[in-house]
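A.B. asks: So the chains spell out like this:
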Amino acid sequence: MSSETAVSVRCTVNGEVVQRIVEARMLLSDFLRHELGLTGTHVGCEHGVCGACTVIVDGSSIRACLMFAAQVDDAEIETIESLAKDGALSPLQQAFHDQHGLQCGFCTPGILMSMTACLREPAPDREKLLETLGGHICRCTGYVGIKRAVDQVLDGADSVDRSTVEGAS
Amino acid sequence: MKPAQFDYVRPQSAAEAVRALAESDDCKVLAGGQSLVPLMNFRLAQPPLLVDINRLTELAGITEVDGALRIGAMTRTRRLETSALVTERIPVLAAAAHWVGHVQIRNRGTVGGSIAHGDPSAELPAMCVLLDAEMILVSSGGTRAVSAGDFFEGFLTTVVEPDELLTEVHIPIPAAGAVWGFSEYAQRAGDFALAGVGCVVDRHAGTAGLVAFGPSERPMRCPSAEEILRVDGLSLDRVSDVADAATADVVAATEAVDAEAVHRVATVRAMARKAVEQAVRMTGEQR
Numbered sequence: 000m001s002s003e004t005a006v007s008v009r010c011t012v013n014g015e016v017v018q019r020i021v022e023a024r025m026l027l028s029d030f031l032r033h034e035l036g037l038t039g040t041h042v043g044c045e046h047g048v049c050g051a052c053t054v055i056v057d058g059s060s061i062r063a064c065l066m067f068a069a070q071v072d073d074a075e076i077e078t079i080e081s082l083a084k085d086g087a088l089s090p091l092q093q094a095f096h097d098q099h100g101l102q103c104g105f106c107t108p109g110i111l112m113s114m115t116a117c118l119r120e121p122a123p124d125r126e127k128l129l130e131t132l133g134g135h136i137c138r139c140t141g142y143v144g145i146k147r148a149v150d151q152v153l154d155g156a157d158s159v160d161r162s163t164v165e166g167a168s
Numbered sequence: 000m001k002p003a004q005f006d007y008v009r010p011q012s013a014a015e016a017v018r019a020l021a022e023s024d025d026c027k028v029l030a031g032g033q034s035l036v037p038l039m040n041f042r043l044a045q046p047p048l049l050v051d052i053n054r055l056t057e058l059a060g061i062t063e064v065d066g067a068l069r070i071g072a073m074t075r076t077r078r079l080e081t082s083a084l085v086t087e088r089i090p091v092l093a094a095a096a097h098w099v100g101h102v103q104i105r106n107r108g109t110v111g112g113s114i115a116h117g118d119p120s121a122e123l124p125a126m127c128v129l130l131d132a133e134m135i136l137v138s139s140g141g142t143r144a145v146s147a148g149d150f151f152e153g154f155l156t157t158v159v160e161p162d163e164l165l166t167e168v169h170i171p172i173p174a175a176g177a178v179w180g181f182s183e184y185a186q187r188a189g190d191f192a193l194a195g196v197g198c199v200v201d202r203h204a205g206t207a208g209l210v211a212f213g214p215s216e217r218p219m220r221c222p223s224a225e226e227i228l229r230v231d232g233l234s235l236d237r238v239s240d241v242a243d244a245a246t247a248d249v250v251a252a253t254e255a256v257d258a259e260a261v262h263r264v265a266t267v268r269a270m271a272r273k274a275v276e277q278a279v280r281m282t283g284e285q286r
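Just so you know, the sequences run in chain order R and P. Take 0 as the starting number for the first sequence in numbering that gives the first Met the number 0 and just add one per residue. Take 0 as the starting number for the second sequence in numbering that gives the first Met the number 0 and just add one per residue.
Quick caveat, the hints were computed from the structure, so don't treat them as lab data. Beta carbons: idealized from backbone N, C-alpha and C, even for Gly. Possibly wrong hints are sitting among the right ones.
Claimed, not checked - Output of the computed footprint for chain R on chain P, the stretches with three or more beta carbons under 8 Å from beta carbons of chain R:
hint: 1; region: 47 to 61
hint: 2; region: 87 to 95
Stated by the list, open to error - Restraint-style ranges between C-beta atoms, simulated for each label pair:
hint: 3; chain 1: P; residue 1: T282; chain 2: R; residue 2: A5; range: 36 to 46 Å
hint: 4; chain 1: R; residue 1: Q93; chain 2: P; residue 2: D24; range: 49 to 59 Å
hint: 5; chain 1: P; residue 1: G148; chain 2: R; residue 2: K84; range: 54 to 64 Å
hint: 6; chain 1: R; residue 1: P121; chain 2: P; residue 2: R18; range: 35 to 45 Å
hint: 7; chain 1: P; residue 1: T62; chain 2: R; residue 2: K127; range: 21 to 31 Å
hint: 8; chain 1: R; residue 1: D85; chain 2: P; residue 2: L155; range: 47 to 57 Å
hint: 9; chain 1: P; residue 1: Q45; chain 2: R; residue 2: E80; range: 25 to 35 Å
Make a model of the complete structure from these sequences and hints.
C.D. replies: What follows is the structure, given as structure tokens:
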């Protein structure tokens, strides 16, 4: 067993197998952005506080800035680029769009990935989704639109009174 | 903000990891990385070699053996929090785990990592001190068990030697009828606690434990608060006395000289009240 500064990584990203030789110190967030060109994963604080870089690794939402690319060898990674299928937004993305759950959009990919993982767990509810949201910082929305989007995705679009949203704009 | 260059090794067994630690004179163990990697990103830590123990599935898991839970060092905090076994046997531990960071941090952070890091404001070291846990340390020279009371030496400092690997934590299961409380305050949800208090009281055996964390350089038991709980038992009438005693214990052990320290001590009083009230309410539910 010898130690290396360069490491071979083979993993699945958004359903596609990729293989690269990376520096051991390369963060997963930089691997996704610089090596794979998946710039939807945003880098904010780079120490695990803001949540912008959150992606799904082997089913769990994690901070991509707190993992090294070398660690995702054999792992399955999902990023924001995987959510829309054939140009159609996921119900969660649609809810954010409908309810003005984003303004500048910098924090949005991380929030969407955290909530996507949360929605896959048994019996997701408002409390769990809002707790998940607690792991993210949004400086634009005041979280109001995001909370409305949570309600929409849980209740279904039809049950949300959109007139209040439109009236406010 | 990028880490400095380092060598990386990914052992496939605990024995291999221990060998790697023995061979290097300056390396760091990488578990969940939720404290180490931020320090590396800031370059406050620049270990020349990282020994990544994430492949050691033998170190992940929770089992009940001889009246204690054995928790592997690589058990993710989220698993500790959601484990049915932990929730049933040591509910205060599952409750405390819920307060660790955010869910995205708990998904990755590990029990062993938090304990070996030894942050005085962290929940899991405090639970080890409250519950008289025992830490199992393995090196090429052998294995030793260290009780929580001796394990934490000070701010981010433990007895773990550079060539030792924390493999497992043994936590004795409190009596089935024991009641408990846990409360902490952080300025923002998910931050490290300004201060927190946990307690476990077994009224039948006449034993009580109360830990305060945040103000002192390591989590500390509060003997005079425990004395009141043990002798007078749990009652709403005595909650203020227990909280005052816990505060006095903390003041005696620390030098609360600046405003922040005084704030932390005051927060201990408030958190002790909440934790003990929670335990008292639990006695009502048992009747």
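A.B. asks: Using the beta carbons of R:Q93 and P:D24, state whether their distance is inside 49 to 59 Å or not.
C.D. replies: holds, 56 Å
A.B. asks: For the pair R:P121 and P:R18, does the Cβ-Cβ distance stay inside 35 to 45 Å?
C.D. replies: holds, 41 Å
A.B. asks: Indicate whether the distance between the beta carbons of P:T282 and R:A5 respects the range 36 to 46 Å.
C.D. replies: Distance hint for P:T282, R:A5 is violated at roughly 60 Å.
A.B. asks: I want to verify a distance hint. Is the separation of the beta carbons of R:D85 and P:L155 within 47 to 57 Å?
C.D. replies: holds, 50 Å
A.B. asks: Is 25 to 35 Å a correct range for the gap between the Cβ atoms of P:Q45 and R:E80?
C.D. replies: holds, 33 Å
A.B. asks: The region 87 to 95 of chain P covered by chain R? Criterion: 3 or more residues, Cβ-Cβ distance below 8 Å.
C.D. replies: Coverage by chain R is violated here, the residue count being 0 at a Cβ distance below 8 Å.
A.B. asks: Within the region 47 to 61 of chain P, is the number of residues with a Cβ closer than 8 Å to a Cβ of chain R three or more?
C.D. replies: Three-residue rule met by the region 47 to 61 of chain P, so holds; n is 4.
A.B. asks: Are P:T62 and R:K127 spaced within 21 to 31 Å by their CB atoms?
C.D. replies: At 28 Å between Cβs, range holds.
A.B. asks: Should the hint that P:G148 and R:K84 are 54 to 64 Å apart at their CB atoms be regarded as holding?
C.D. replies: With Cβ atoms ~55 Å apart, the hint holds.
In this structure, the hints that do not hold are numbers 2 and 3, in rising order.
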